[in-house]
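Throw the hints in and build the complete structure from the sequences for me.
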Amino acid sequence: MPRNGKSNGKTNGKGNGHWMGQRLKRKEDPRLIQGISHYADDLRLPGMLHCAFVRSPHAHAVIRSIDTSPARAVPGVITVILAQDLEGVGNVPCAGVLPDLKTPAHPPLARERVRYVGEPVAAVVAEDIYAARDAAELVQVEYDPLPAVVDTEKATAKDADLIYPEFKTNVAYVHPLKNGDIASAFKRANKVVKERLVNQRLAPVSLEPRGVAAQYLPGERTLTVWSSTQIPHLLKTQISLMLGLPETSVRVVTPEVGGGFGSKLNVYGEEAVVPWLAIKLGRPVKWIETRRENMQATIHGRDQIAYLELALKRDGTILGLRARILADLGAYYQLLTPIIPTLTALLITGCYKIPAVDIEITGVLTNKMATDAYRGAGRPEATYVIERMVDLAARELKMDPVEIRRKNFPKPTEFPYNTSTGVIYDSANYQMSLKRALELAGYSKLRARQKAGWKQGKYYGIGLSTYVEICGMGPSSAMPAGGWESATVRVEPTGKITVLTGASPHGQGQETTFAQLVADQLGLKPEDVAVIHGDTAAVPYGIGTFGSRATAVGGTAVYYATEKIKTKMSAIAAHLMGVKPDELAFGGGKITTKDKKKSVGFGEAVSAAYMARTLPPGMEPGLEATHFFEPSNFTYPFGAHICSVEVDPETGETKIEKYVAVDDCGNVINPLLVDGQIHGGIVQGLAQALYEEVIYNEDGQLVTGSLMDYALPKAVHQPQFVLDRTVTPSPVNPMGVKGVGEAGTIGSCPAVVNAVCDALAPLGIKHIDMPLKPEKVWRAIQSAQTPSPAGKRARAQSRARRTA
Amino acid sequence: MKKDIAINLNGVEHRAQVEPRLLLVHFLRETAGLTGTHIGCETSLCGACTVLLDGRAVKSCTVLAVQADGRSVATIEGLAQGGQLHAIQEGFWEQHGLQCGYCTPGMIMCAHDLLERSATPTEQEIREALDGNLCRCTGYQHIINSVQAAARKLGKRKTTRAVAAD
Chain A
1328 MPRNGKSNGK
1338 TNGKGNGHWM
1348 GQRLKRKEDP
1358 RLIQGISHYA
1368 DDLRLPGMLH
1378 CAFVRSPHAH
1388 AVIRSIDTSP
1398 ARAVPGVITV
1408 ILAQDLEGVG
1418 NVPCAGVLPD
1428 LKTPAHPPLA
1438 RERVRYVGEP
1448 VAAVVAEDIY
1458 AARDAAELVQ
1468 VEYDPLPAVV
1478 DTEKATAKDA
1488 DLIYPEFKTN
1498 VAYVHPLKNG
1508 DIASAFKRAN
1518 KVVKERLVNQ
1528 RLAPVSLEPR
1538 GVAAQYLPGE
1548 RTLTVWSSTQ
1558 IPHLLKTQIS
1568 LMLGLPETSV
1578 RVVTPEVGGG
1588 FGSKLNVYGE
1598 EAVVPWLAIK
1608 LGRPVKWIET
1618 RRENMQATIH
1628 GRDQIAYLEL
1638 ALKRDGTILG
1648 LRARILADLG
1658 AYYQLLTPII
1668 PTLTALLITG
1678 CYKIPAVDIE
1688 ITGVLTNKMA
1698 TDAYRGAGRP
1708 EATYVIERMV
1718 DLAARELKMD
1728 PVEIRRKNFP
1738 KPTEFPYNTS
1748 TGVIYDSANY
1758 QMSLKRALEL
1768 AGYSKLRARQ
1778 KAGWKQGKYY
1788 GIGLSTYVEI
1798 CGMGPSSAMP
1808 AGGWESATVR
1818 VEPTGKITVL
1828 TGASPHGQGQ
1838 ETTFAQLVAD
1848 QLGLKPEDVA
1858 VIHGDTAAVP
1868 YGIGTFGSRA
1878 TAVGGTAVYY
1888 ATEKIKTKMS
1898 AIAAHLMGVK
1908 PDELAFGGGK
1918 ITTKDKKKSV
1928 GFGEAVSAAY
1938 MARTLPPGME
1948 PGLEATHFFE
1958 PSNFTYPFGA
1968 HICSVEVDPE
1978 TGETKIEKYV
1988 AVDDCGNVIN
1998 PLLVDGQIHG
2008 GIVQGLAQAL
2018 YEEVIYNEDG
2028 QLVTGSLMDY
2038 ALPKAVHQPQ
2048 FVLDRTVTPS
2058 PVNPMGVKGV
2068 GEAGTIGSCP
2078 AVVNAVCDAL
2088 APLGIKHIDM
2098 PLKPEKVWRA
2108 IQSAQTPSPA
2118 GKRARAQSRA
2128 RRTA
Chain B
162 MKKDIAINLN
172 GVEHRAQVEP
182 RLLLVHFLRE
192 TAGLTGTHIG
202 CETSLCGACT
212 VLLDGRAVKS
222 CTVLAVQADG
232 RSVATIEGLA
242 QGGQLHAIQE
252 GFWEQHGLQC
262 GYCTPGMIMC
272 AHDLLERSAT
282 PTEQEIREAL
292 DGNLCRCTGY
302 QHIINSVQAA
312 ARKLGKRKTT
322 RAVAAD
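Heads up: the protein sequence lines correspond to chains A and B, in order.
With this note's numbering applied, the first sequence covers 1328 to 2131.
With this note's numbering applied, the second sequence covers 162 to 327.
Derived by calculation from the structure, the hints in this document are not laboratory data.
A few of these clues could be false.
[As the list claims (entries may be wrong)] One-sided and incomplete, this derived list gives chain B residues near chain A with beta-carbon spacing under 10 Å:
#, residue
1, A193
2, G197
3, F253
Here a beta-carbon is modelled for each residue, glycine too, at the ideal position from N, C-alpha and C.
Put into structure tokens, the structure is as follows:
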């Protein structure tokens, strides 16, 4: 029986050594726990200037005039620039392409019009940050406000105000996905369940805000940009395009990155403006985002309204799903804005066999910050709606939520499984993870207690979520900008190993896990392996870290590059020993024949490669290999989460009593790190369910502009999580790994909402939209119109308790 | 008008002339050059900038440098002694109490404050003590485990010292 927070230790780390599968402490940590690492704001360059942005206080307005003279008069101010100063600088890029997509121009500084609160209008540069901020407040901008388009549904009305009059509509695209005979499915159905479900807008809120610093050396003609980003190489290419510099002159370095969650999987206007200033001024320039800017002008996530219809047979078999989804895109596109909601369509059938689908995603422009990839990126939205719909269907059919799920799971023998949305789930055993979660949660006991509780006026609820997700992004054919990843493995002359990875970890711990992987392959120790990432001058072109891809794609590139090294070292060792190269084993710092009669020291073979005197004839000297790994498919982690709650009818407050998560991310390299990813993921999903919501008022003002108003989960709110794993290796890569960065977030959110709605079932409450804040829940309880007999009893007893 | 201040920082006196509005966190990072104390919100809501002022945890983004004049400040850089990690740092390392590491110095300093006041806090007491420190990566469970591990280590060390003194 796993203890709270600990896994069962089932790891099945593949590999010939013994590091894979171990709960190793991270190599990254000594510098982080001593405060001696360097995030963007920790950079100090001689002569460095500081930048602050002037941002729009209006959601929608015409810029009538800008007077920068009071700002320029502040002591220490070097310059103030506006959009017109950036002549020739390209627009902020969007890699998302869809048929008939309306794409607005997105200049780094607003020209003529502003379209969301927080849009940058001017940049101030000064000798220190206090002067820069003082001056930014003195830039006088006169605006003529325009009506703001805020409500996603109203934005699609024929008579809605227009954000881009030239488009004649606020609808940016309509993306259909149809398969199977949907008309027949609904005709044959005994039951059709309909609901409108909202995935509210969220803010990623990495603890480290964004930050950019740049230095231009005119002699060397090199621009170095330090940015808190998840995608250094893509950023390098885009900076060169935006600034019109040869790509060979641009180097991007990611210092320590304090969290991203998708928000730094992006190219922002500031990443063009700050380097441009550094070039123009001939001095290094740094800009560090404030938290308010981070809430206003770093991408948001989710923000979808879904109208759903699920057709079922009386026995719970799902026949078909109709979904009309409005996706709020905001005012401009960031890197992936328009295509994130299309991922919702791909995953909307969840882990169920749904033979017919009719999905339509409508992208809507509004006067808000752009939405884009936030932990899960389109997939939590899908999981939430299908998991809620299945629960609603179970209730209408008077089935147990466990039974309806089991009824519709594909059998383990049906994998790879083709979904009606057009993706191929690689491997799974949904029955197994659900069974384990039910055991750990003590499901039947929880149900019994719930029934007993109702009689005592206690509102206990049990929520399930059986999820699958699309990870390991991904095959290039399905990605906007390449879905492969690169790795170079270099054995240094002293026998130490340098791994260069195109992945760009920012908390995930690949300096440790990749070292574990390579150590096993080469028969060395993790401390012999250094993993370098996030410097485009050192690391071959890569894609970056997002979409739970770093291990499944980046790790596999490392695996193959290391295999190339092994092949070459085997040939060298075989030559030195006079044996055949295909029968050698790496281990204990030696290369040994199968019969263990002969061996060559690892260092000896390395020396031979560099001294190049005893190499096999015709062999290239050196010991370095690069691999670009292109996956054949995504990977599809899955799992079952069970949450039990008690809702207080007096306050509407939800207390999570027990949380069980059984996740399957294939083979595991470091269980300690996987547990950490799951914990953090669960809390982000749970926070969507209970606390977090970006709110704009009807004028488009951001109401939740600080951490005072935007409720991040705190330690005191969280229960102890009980974790376990099942292991179903992925056939997509040789390590059988799947990815785990987003699993917790995707799995947890519907489990919590299902639990709360289950608790309130006796009151006849069917559904409450997220976040389930106490006030909202309390109001729902108050206005419950037709309580069931059990609910009436419960309310009467609750009243009786109050009186007593 | 600039003010002369003297702050005992990690046991070393730092003298400087500062603007009265200079925040302590900017003094630490810009004047003293200790960048281990991080800025996450500048509104005392996230706790990333937590340091010890005369031994008690404060959020250095809402303390002025002049308020620390004549007082002692301890930051994350001062915690390890003679190349030996502090027990709380060891706890965070062993229990995987950090991912991106940005909140970590503040978490560790806040945990330091707690463990000075209470040697064997319950899980609930730890959760409440860390209420002013946000972490977006870990979901807090490994942070709680880290503080518990640190408390055990500190307890053992005290016992060892006591035995040695006997």
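Hints, verified against the model:
1. A193: violated, 12 Å
2. G197: holds, 2 Å
3. F253: holds, 5 Å
Of the numbered hints listed earlier, the single one contradicted by the structure is hint 1.
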